Structures are given as structure tokens and as C-alpha cells.
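Novice: Please model the entire structure based on the sequences and the hints provided.
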Amino acid sequence: MQLPSSLLENAVAEFSKLPGVGKKTALRLVLHLLKQDVNEVQHFGETISKMRRDIKFCQRCHNISDGDICSICSNSMRNQHAICVVENIRDVIAIESTQQFNGTYHILGGIISPLDGIGPDQLKIESLIHRIEKEVVEELIFALSPNIQGDTTIYYIQKKMSHLSCRITTIARGIAFGGELEYADEMTLARSLANRLPVQQYVK
Amino acid sequence: MLQLQSISLVHFRNYVQSDFSFEERVIALCGKNGVGKTNFLDAIYYLSFTKSYFSRPESQSVHHGLQGMRIEGDYLLNNKKINIRCIVRETNRKEFYFNADEYKRFSEHIGKIPCVMIAPDDVALITGNSEERRKFIDTILSQCNTNYLQWLIDYNKILQQRNSLLKAAAEHNLLDESLLETLDDQLSEKGELIFKERKEFLSHFIVSVKKQYQYIAQKNDHISIEYDSQFLTASMKELLQSNRQRDLYLQRTGCGIHKDDITFLMKGQSFKTLASQGQRKSLLFALKLAEFEVLKQQKHITPILLLDDVFEKLDAERMHHLLHKVCVEENGQVFITDTNRERLAESLKEIKVPFQLIEL
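Order-wise, the sequence lines are chains A and B. With this note's numbering applied, the first sequence closes on residue 204, and no number is skipped along the way. With this note's numbering applied, the second sequence closes on residue 360, and no number is skipped along the way.
Don't read these hints as lab results, they were simulated from the structure. There could be a bad hint or two in this list.
Claimed, not checked - For lysine-lysine, the following DSBU-like pairs were computed, each having C-alpha atoms within a straight-line distance of at most 30 Å: (1) A:K124 with B:K167; (2) B:K81 with A:K159; (3) B:K167 with B:K259; (4) A:K159 with B:K349.
Note that the coordinates shown come from a computational prediction; the quantities given were computed from them, not determined experimentally.
Specialist: Quick look at the structure:
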């Protein structure tokens, strides 16, 4: 793409670094900003750099936070003895919107995958073990993606905390809610059958 | 009963536009070199497996210089008419239809029209490296047991992770022992499942292969076939444990079901080096016919058998037994190719089976 200005070109290059944004979309966004008032664009840029500069990560669970401790961890109404282990912040948002979980979180920042160069030391596993040792934790709930890397991560953490007595559970795997049985893939269906539930529990 | 009644080829390989219909159960195809005998069989294979028997890019399946292709076959399966259609558009987009329904996933089609092809190149199964033999067994097992394929996929993923870890450990000179143990546990779990399945399957399969060989050759040629796996003596976990130092040094996993093999022996020596061309080919047929038997039992449909250039290298006696086996004893449809019209016709007359001769 031939652009008339190198300033424009730099801006387009920066925008196209964003996930899901290609060269053309980037150009559209930049041209849109060009039509705006100078002050407004100034504000736009400052908001973004301020966000990056001032945002903090909770020292306890590594969630996004405005202070040292995030709003979930500092909420005294929540059960501090249950920790839900998730991969990233998006998972926290997803679980929070179910309004079914009243404990705290621990964000690993990824899952173990040596193939992608991600080992346990890049993740917040050490601080999780430390947290379980220090705090009174009754239950550790793993809410990780149901794949091999997720399993590796669960087994690894379990191995690391074998000296600690704490209930370890993982979220159920099975048929999606509101789904049609015939469209479920065989593996999911087989697993749902293997781990079937008593009806009393199910109706609740 | 599965029977291909007619096939139509448009722009497939060297066929610009051809239609064939088949009245008999045994179809003999003859023609000179390069007229398209193998391509003809490949087209039938294509309709069963949604791809060519020969691994090559899709664009090479299309007639040279033309664009897009189409293969269409009419089958009779248990007295029901089935139409299978494959269209590769000019854009190289492939569409596959079962009657009027287009497939979203091609893998759903595989196994619906069972078919076994035997081509001269398949000798690699005997002379080639162990990968060929594992692939052969895995293909059969995946069709019989749906879990098997998933185990195998999982196993390979974990194996990749483990190898990456070994590499990273060597680079940084630092190994996370508990992570390696975790991966070992995961790998062993899948590995043991696969091993058990292979062992169970091969215990029957090997007997069947030997029986087929005996039938074709009318003697056993002192052949023995063995499943060769490290796990016959030790569990996967023990092996991973004892091999750990070596694995760390080599930066890859030296033991596991990915090292399994099937050994063929003749009079106690390596079959590969001792056997004649004809004996190799006989064993190849025995393996493929054993596959044919397994598919037949599993699917309750006799697969279509495609024999490419079978007359090459086999003596008249073995040829006679083979043809008798596939054309008379089995009730499935058979396609046979040869360059020599007379030889083909004579051989088929000899076993007294009605056949249709197509000259290409």
C-alpha cells in the first residue's frame, strides 16, 4: 500500500499490530482519527497510554486492579477459602458473569506448553502454591481449557502441592447447556455418559 | 452387498470425459502403459476415501491443462441406490456429495463405501521403514475403534510437548523434573491404551495374515510375523524412567509406541533381505487381504477390491490361488488391471467366474 505521508504510514503500522486488525482496517481507523478534532485524538492517545502505565495487577491473584489488591480479593463478602484457577483475565470475566462463583481467583497467565516455549516458571504457579501454603484454602477449583495442555497444567500443580491438604476439583465436562444431543460430538457425549449425575442434583 | 454400477470421470487425470458401466462382479481392465488403468482404480478409491490413493496435491488430480474435475459413481448397497459425487471446482475447492447431501466434513464419509486397494508401490509396507507399518495398522484400528484415533492424536501431542521440553532443558541447562514427570504420566496413560489395543488386534491379525499367505502360496515359506514393541517386556513408565538420561542427551523420546514395528521373518532371518520379489508380493497381498477381512467383519459390507498390476512378479500358481480367493470365495466386487489382454482373460476363465472385460 502506497501512502502519501510517512506519519500516516507509521500510524497504520501501529494499528495493524493489534489482534484482528489488518492493513485496510488500520487505514480506515487512522483516517477516521484524522477527521476528528486534534484535542479529541490527544485524549484518545492519552487514555490508552494512561491505561497501560497506571494499571496494576493484583498482588494476590494477578487480576487487573486499580490498587495493589483487586476488588474481588478485597471483597469481604466473598469466600476467601475457595480459589478458582484460570488461564487468563477473560476467563475471570466469563466466570463472573455466571454469578455462580463467590470465591476468589488465581490467574496463571497461560497454560503449560513447552512446544510454545511456555514452562511453569513463566506462569504464576509458584505464587499459587505460596498462597495455598499461607492462606486457609479449602478448595482449589481448576477452570482450564479441556485439552492436553490444560491437563498437563492441572497434573503439574497437583504434583507440586501434594504435601498440602486441600480439596482439588475441576469444572465438569459434558453436553453444552441448551444444546441438541444429536449434534454433540462423540467424545463429549461419551464423557457425559461416563460422568453422569443423579437426577436430584441435576434438577437443583 | 456393495457394487459399483457406473462411474463417470470428467477431467480426472488423463480422462477428459468418460463413462463406464459395470454389469459383472469381476471387472478386468486392460490396456497399454499410460492409458490410465491405475488412474481408473484411483478414481474408485477417490470416491471411497475423498482423496487419491497416491499422496499428491489436489491440482495434480485434474487433467493437465484443464480446470476443475468431477467423479461420480452409482453404487448399489444392500439393494439401495447410492450416488457419490466429488467435484473439484476451478478454484480447487472440493465438494463431496452423498446422494444429494453435501458433506461438511470429509472424514464422515470414510468407511461408508469400504474399499481396499493393492498397488505395486505398496511393497514399501514390507521393505520400507517401520512408519509405513504403523500407519497401516493405525488406519485399520482407527476405523474399528473410534477412541483409538483420539488416543493416537493425544499421544502425539504429548510426545511433541515432551520433546520440546527436552530441547528447552538442554538449551537452558535446566530441567523441571516434575513437569517431565507429569508429561511422562500423561504419555504413559495414552501409550498403554494404544499398546493394549495394538497387541490385542495384532494377535488376531497376524494369524489371519499367515492364513492368507498360506492360501496364496500353498505353503508357509517358514514366515513368522511378530509385533515388536518395547512394552512387551516393561511398562511405558518404567521405560521412560530408565531412558531419561538418554532422552535428555538426545533431546527426544527414545521409547514409546511410536517405535513399534512389525517384524517379518523368513526361516528366522529378515524377510526383507531374504525373500524374493514374488514372496514379497505374496506377503503384501496377505497383509492387504487380512485388512479386507477385518473391514468386512467390522462393517458387515464386503469392500470393493482394487488390484493394480497384480500379475507382475507372481508365478502362475500363486496368481491362480489369489484370483480364486478374491473372485470366487469372496462375494465382493473386484477390479483387476493388466497390460496383457489375453493373459487377463485366460486367468479369469480358468477360475470360471463371469467377468466383464474393459479395454481402455
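Novice: Hint by hint, say whether it matches the structure.
Specialist: Checked hints:
Restraint check for A:K124 and B:K167: the C-alpha separation of about 23 Å stays at or below 30 Å, so the hint holds. The straight-line distance between the Cα atoms of B:K81 and A:K159 is roughly 58 Å, outside the 30 Å bound, and the hint therefore fails. Proposed proximity of B:K167 and B:K259 is supported: the alpha carbons are some 20 Å apart, at most 30 Å. For the hint pairing A:K159 with B:K349, the CA-to-CA distance comes to about 70 Å; that exceeds 30 Å, so the pair is violated.
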